[in-house]
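J.: So the chains spell out like this:
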Amino acid sequence: MKQYLLSVHLIEGEPLPSDEETQQMFKDVGVVNDEMQAGGAWVFAGGLHPPATATVVRISDGEVVTTDGPFAETKEQLGGFWVIKAADLDEALAWAAKATTACRAPVEVRPFQDDAD
Amino acid sequence: MPVHRDEIERHFRSEYGRCVATLVRFFGDIDIAEEAVQDAFVVAVSRWPAAGVPPNPGAWITTTARNRAIDQLRREATRHGRHAQAALLYQRDDPPEPVGPLKDDRLRLIFTCCHPALARTAQVALTLRLLGGLETPQIARAFLVPETTMAQRIVRAKKKIKAAGIPYRVPGDAELPDRLGAVLAVIYLVFNEGHTASSGDSLIRLNLCDEAIRLARVLAELMPDEPEVLGLLALLLLTHSRTSARTAPGQPLVLLPDQDRSRWDRALIEEGQDLVRRCLRRNQPGLYQIQAAIAAVHSDAPTADQTDWRQILALYDQLVAFAPTPVVVLNRAVAVAEVNGPAAGLEAIEGLDLDSYYLFHAARADLLARLRRYKQAAQAYDAALALTANPAERDFLARRKQAVTGTPGPHPGKSAPSR
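Just so you know, the sequences run in chain order A and B.
Residues in the first sequence are numbered from 1 upward in steps of one, following our numbering.
Residues in the second sequence are numbered from 118 upward in steps of one, following our numbering.
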């Protein structure tokens with residue numbers, strides 16, 4: 001089994017869904033989470049607060065410097081993620097298809113490095 | 118009889134896809150499979166000249182390659198302590214799998230190479246490399262990209278297959294239509310690349326048309342029950358049958374209506390038409406089958422004037438229903454003009470969003486010329502000329518323009534108002 005990161009990408013400036021839509025989205029994501037747990041694919045998952053809440057810590061000239069985030073000044077930011085186990089990419093992509101339907105945002109699938117790598 | 122290196126290369130080339138595919142299943146790794154076949158080639162070069170070509174070269178290559186790779190991996194395992202991999206191999210090695218008449222693994226390999234997680238350019242490169250057995254420099258030359266670029270493309274794609282866990286299997290029924298679509302698109306793209314080049318400076322380019330037909334034949338052999346696979350093969354054969362008529366002395370590009378039909382390849386036409394008939398019997402039409410049927414109608418006509426345009430228009434109507442793209446609508450308009458006159462054809466392409474497509478302006482110019490609106494026709498030819506850099510296409514358009522502006526030049530058959 002390989003592990004994959006399913007990251008949910010949010011595009012800044014997109015109109016926010018209504019409360020009703022948001023509630024439905026949470027419900028749909030909950031269904032996918034249950035399915036993942038029942039199917040043995042679930043490792044870990046979580047949704048994140050908006051990028052404006054981020055703080056960046058880095059080493060500069062040997063000193064730890066803390067600054068207001070996010071790190072990357074891009075329009076697309078990480079909104080949440082799943083870590084899943086899957087036999088191969090097709091299986092991971094099938095979960096990603098359910099994930100993107102439920103959370104209504106593009107989902108990027110990336111393999112974790114494993115021992116063989 | 119001494120066996121020449123050329124002959125050995127030919128055998129390896131034609132067996133490459135099958136051998137690599139089997140070895141990928143065996144070792145679970147594309148690089149190991151490819152290196153193993155390369156090693157087997159070295160062995161063949163030293164043995165075949167004296168011993169002769171083995172009765173079943175494919176089985177010989179696979180067995181030799183497999184044994185070499187196992188030896189190699191055992192040596193590495195002792196050196197680097199990669200016991201896990203070695204143990205796995207010993208396990209698979211015993212009992213040995215039959216490697217004689219092989220169960221065909223090429224189908225899995227095609228679907229891996231054309232997996233949607235890979236970019237189209239990578240799908241094309243991998244398919245030609247692993248199934249076509251072409252060397253990376255050959256592929257690079259064929260697609261007019263630097264060798265390092267092509268090498269990088271292939272290395273990256275292979276890395277992704279491994280790291281992301283792109284599976285080595287034929288997709289299930291639910292995914293099959295989509296996934297097969299990608300495979301067909303890759304083969305069609307290879308063909309079109311060759312077909313476009315065949316009208317220009319083709320000498321430095323490998324014959325991609327032959328390569329695409331070879332791949333389509335393999336696919337048709339492996340998936341004989343998929344009508345779109347047969348449709349694609351038919352379309353390629355029928356299109357390719359006209360290749361030698363597409364050029365004439367002093368004319369780098371001759372279009373269908375003006376081609377010398379005695380130069381069409383009858384054998385390819387018969388094979389293509391036979392496949393079209395097989396598709397029709399199945400009655401599950403699809404994009405490639407309909408395009409093949411259109412090509413078949415053209416190839417039925419002894420002269421351009423005897424073309425059954427009504428049937429072609431009916432097929433285009435069907436095609437538009439499947440794929441209502443502006444390009445399909447444009448091609449349909451050509452048939453409309455033949456059946457209902459150039460004014461109707463012109464009306465059919467009015468408002469199409471194809472301003473940046475040179476064939477749109479060329480077709481429009483042609484219709485305008487047939488309506489004797491020569492000034493507008495000349496403008497449309499200019500618009501077409503501004504959009505293509507291919508010398509053969511430019512030469513062709515310039516001749517057409519000359520004909521409508523009255524300056525000296527050969528008179529193109531198609532712009533005469535009467536058919």
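Please keep in mind that the hints were generated in silico from the structure rather than gathered at the bench.
A hint or two may mislead.
What the hints assert, rightly or not - Straight-line C-alpha distance at most 30 Å; calculated DSSO-like pairs for lysine-lysine: (1) A/K75 x A/K27; (2) A/K85 x B/K492; (3) A/K98 x B/K279; (4) A/K85 x A/K27; (5) B/K277 x A/K27; (6) A/K75 x A/K98; (7) A/K75 x B/K277; (8) A/K2 x B/K492.
Said to hold, decoys possible - One-sided excerpt, in silico: chain A residues whose CB lies under 10 Å from chain B: (9) A54; (10) V56; (11) D88.
We put the CB at the ideal spot given by N, CA and C, even for glycine.
J.: Taking 10 Å as the limit, does the beta-carbon of A/V56 come near enough to a beta-carbon in chain B?
T.: violated, 28 Å
J.: With a cut-off of 30 Å on the C-alpha distance, tell me whether B/K277 and A/K27 pass.
T.: violated, 34 Å
J.: Does the alpha-carbon distance linking A/K98 and B/K279 stay inside the 30 Å limit?
T.: Given that 30 Å is the threshold and the Cα spacing comes to 24 Å, the pair holds.
J.: Holds or violated: are the alpha carbons of A/K75 and B/K277 at most 30 Å from each other?
T.: Judged against 30 Å, a Cα distance of about 27 Å means the pair holds.
J.: Is the hinted pair A/K2 and B/K492 satisfied, with a Cα-Cα distance of at most 30 Å?
T.: violated, 66 Å
J.: Is the interface hint for A/A54 satisfied, with its Cβ closer than 10 Å to some Cβ of chain B?
T.: Given a least distance of 28 Å, the restraint on A/A54 is violated.
J.: Check whether the Cα positions of A/K85 and B/K492 lie no farther apart than 30 Å.
T.: Cα-Cα ~67 Å, so violated.
J.: Does the closest beta carbon of chain B sit nearer than 10 Å to the beta carbon of A/D88?
T.: holds, 4 Å
J.: A/K75 and A/K98 were given as a pair; does the straight-line alpha-carbon distance stay at or below 30 Å?
T.: holds, 24 Å
J.: Given the hint that A/K85 pairs with A/K27, test it: the Cα-Cα distance must not exceed 30 Å.
T.: holds, 22 Å
J.: Between the alpha carbons of A/K75 and A/K27, is the straight-line distance 30 Å or under?
T.: holds, 27 Å
The structure does not agree with the numbered hints 2, 5, 8, 9 and 10 stated previously, though it agrees with the rest.
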